[in-house]
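First to last, the protein sequences are chains E and U.
Everything in the first sequence is counted per numbering that gives the first Met the number 0, starting at 0 for the first residue and increasing by one.
Everything in the second sequence is counted per numbering that gives the first Met the number 0, starting at 0 for the first residue and increasing by one.
Treat the hints as calculated values from the structure; they're not laboratory data.
For every residue, glycine included, the Cβ atom is placed at its ideal position computed from N, Cα and C.
Take the hints with a grain of salt, since some may be wrong.
[Said to hold, decoys possible] Chain U stretches covered by chain E per the calculated footprint, using a threshold of three residues with CB under 8 Å from any CB of chain E: (1) 77-84; (2) 93-105; (3) 250-262; (4) 281-287.
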Amino acid sequence: MGQRVTIDPITRIEGHLRIEVEVEGGKVVDAWSSAQMFRGIEIILQGRDPRDAPLFTQRSCGVCTYVHYLSSVRAVEAAVGVKIPENARIIRNLLHGAQFQHDHIVHFYHLHALDWVDVVSALKADPAKTAVLADNVSDSPMGGTDYFKQVQQRLQTFVDSGQLGPLNNGYWGHPAYRLPPEANLMASAHYIEALRLQAKTARMHAIFGAKNPHLQTLVVGGVTSIKDLNPERIMKFLSLWRETQDFVEKVYIPDLLAVASFYKDWGAIGGTSNFLSWGDLPQGETEPDSHYLPRGVIMKRDLAGLKMADQEKVAEDVVRAWYEKGSAKHPFKGETKPQHGDYKPDDGKYSWFKAPRYEGEPCEVGPLARALVSYASGVKEFKEVIDGVLKKLDIPVDALYSTLGRTAARGIETLVIGQKMEGWIMELVENIKKGDTRTYQSWEMPDKGMGYGLNDVARGALGHWIEIEDKKIKNYQYVVPSTWNLGPRCEKGKLGPVEEALIGTPVADPKRPIEVLRTVHSFDPCIACGVHVIDPHSNEVYKIRAL
Amino acid sequence: MEQDKYNKFFEKLESYGVSRRQFMKYCTFLTATMGLSSSMVNDVAEVFASPKQRPPVVWLHFGECTGCSEALLRSSYPFPDRLILDILSIEYHETIMAAAGHQAEENLHNAIKKYEGQFICVVEGAIATKYNGAYGKIGGRTFLEIAQEVCPKAAAVICIGACACFGGIQAAKPNPGGYKGVGDALGIKTVNLAGCPPNPVNFVGTVVNYLLLGKLPALDEKGRPVFAYGQTIHDQCPRRSYFEMGEFVEEFGSEEAALGYCLYKMGCRGPETYNNCPIAKFNDGTNWPVEAGHPCIGCSEPDFWDQMTPFFEEL
């Protein structure tokens, strides 16, 4: 047996995650992903007013704020049978687009970059050479020898102070870091720029959504921010969008390509087999046909065999999760008998996450799944940008099935979705010009109803299911991106996507397993979202009928 | 402050795209928010301009969503990089730190040893108390064990957000994990920056107060700084005159909603909620819930998930 390496806590993610790998001959031969926290929001929702569900579920996550809010409000709208006005759809898409931009920029620079960028090495860089490098890779407005000298000086002062704060004890100097000092300095400067930029990006949410994190504007039937449909607010939104999109085009994408060119071997590490996307960003009333991000499922990397995805085919398996044994069931039919126990990765239960499966198969969700489904569906903008990136890096299509491909897909969709947003703003302006300022459709709470909202959000496929009885929430369930990606093994012993992706990952130094972090972070794990399911100690059984 | 130091600082600020005027405006706003005399504006500015030894901060995450950390990181005043690199010394913060696993644990251990009695402990998230804390673990230890070890060694414990203050959403009925706020779980006194999330300006105000005056701000009986939570939303609301005139919104998206009438009948909890949202606003003064046409949900009051719900029913 190889050497067991445990990383707990996994940092630079949302929530509490433990990853264990077995290393043999310098490579990962087995892996276990374990969610370490449980909150119980679904039980808390039972018996409450369905109108409150979106505000509650939004608190699943403050990093990817808004997304549960959106999915939940759609589920309740489906259950009560209300169709929202055109302007509400557009505003929701604009908020969602801003969420993609914000979330992916923060992930690339602040959660993921330190796995590839050695900040300490940046101190050795030549600022003049860095300025030349930066000019070569992008036309970022910030640059020049003085600028990089200043950034380097600031880092030096920080290091000299002896208080290394968040940089303390990183894997600095690890042989797996491959960037020359100049590229490290450039990326460190952009880490700081991105930190400032994202604060502005978040303001887009405040314009139509009151605040960020945790917006306050969606209501069952539409949005509340009718008063903000004025030229001044829309122009403000437009200018923040433009500033963000400029950064994506002039800094994020060039950085992504520059860094990737030093790590091309990661195009053969960290891949998985199956991909699911619910799709999102409706361009009209019909779903999923009007989705800009298409719905679909790809099995065994067979792009030509792309199929429409059907929520009926989802089941959650609990054999290796801290619940009593039972067969895998659809969220609407599910019965859950929770049972907390010890952490037993080898032959027992080891996570608070259930294991979602599509027709019995684990599926990766998120930017790579969406890029592949969009590519296979022939969405023009995705195809062009993906082909462009492959050509620029001189790597084959197969290299997409990897840690590198996943990270590239995140940047690609940030660019493509961002480009789409300007048109939506104009659509909104045209409606207002025509005198259409409808943002809300009134409705009545039925005694009974069932509904679901399927979305694709920054981290992947998200679904909320609700059942209403006596005008109250009878049952509520959600299956979230991080359970798909970071869930444990299932009854058939099939590994969850992160576990599968980790196998074969090189580990040069088991005491400093930076390579493992690269693949885990490439999924952008978010644990608080996934562990909300059920009380593990009350042994209550929840039965929900199928639609 | 010496003049050249000031000039150097302003030069630096300008290179970040912040003018001297904008910076002083922020300091004036912050000084007023903190309830300090306007003669203190320059002293407040000095905290940012010439930080002495950066105070060590240990930031713990328990049962939460990271929204409070994010709120702070998503504000432009002060820039988050200044907060992280120049003003505070963040010794441990799982969302931003480079280290992971053993190395992360080591950072925590070393910080509380080296800075015992000196560090500021910021807690985000509630503590699971049922089943020996089985609901939440980090590095194999429960939230409760970690809090019991770290908090008593801090110079001050600042709870950021509804969860750390009062238990938050996971403590809503039936509170499956027995989640509690930090003060309650440990039986200690904490500064409670209530809200879901709280306005980051109130966190900055509390920290600046500490750096400037060497003490924590005055607190109300719920542990909330009086400078921020001294008045109700209702009493500071720009829509208050509509309330007095009896002009109410009765349906979202209506003409009255477009005119910005009072949201009382839509379920606004402003009259029962103490916070400075109407004055401070969120995301660098961009907006706040009532201005976006949404009733206040009372998120800075204890147990608001139970006490203030159903949200869309009139008080």
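Right, here's what the structure says about each hint:
1. 77-84: Held - the stretch 77-84 of chain U has 5 residues with a Cβ nearer than 8 Å to chain E, which meets the minimum of three.
2. 93-105: holds (count 13)
3. 250-262: holds (count 8)
4. 281-287: Coverage by chain E holds for the stretch 281-287 of chain U (6 residues, Cβ < 8 Å).
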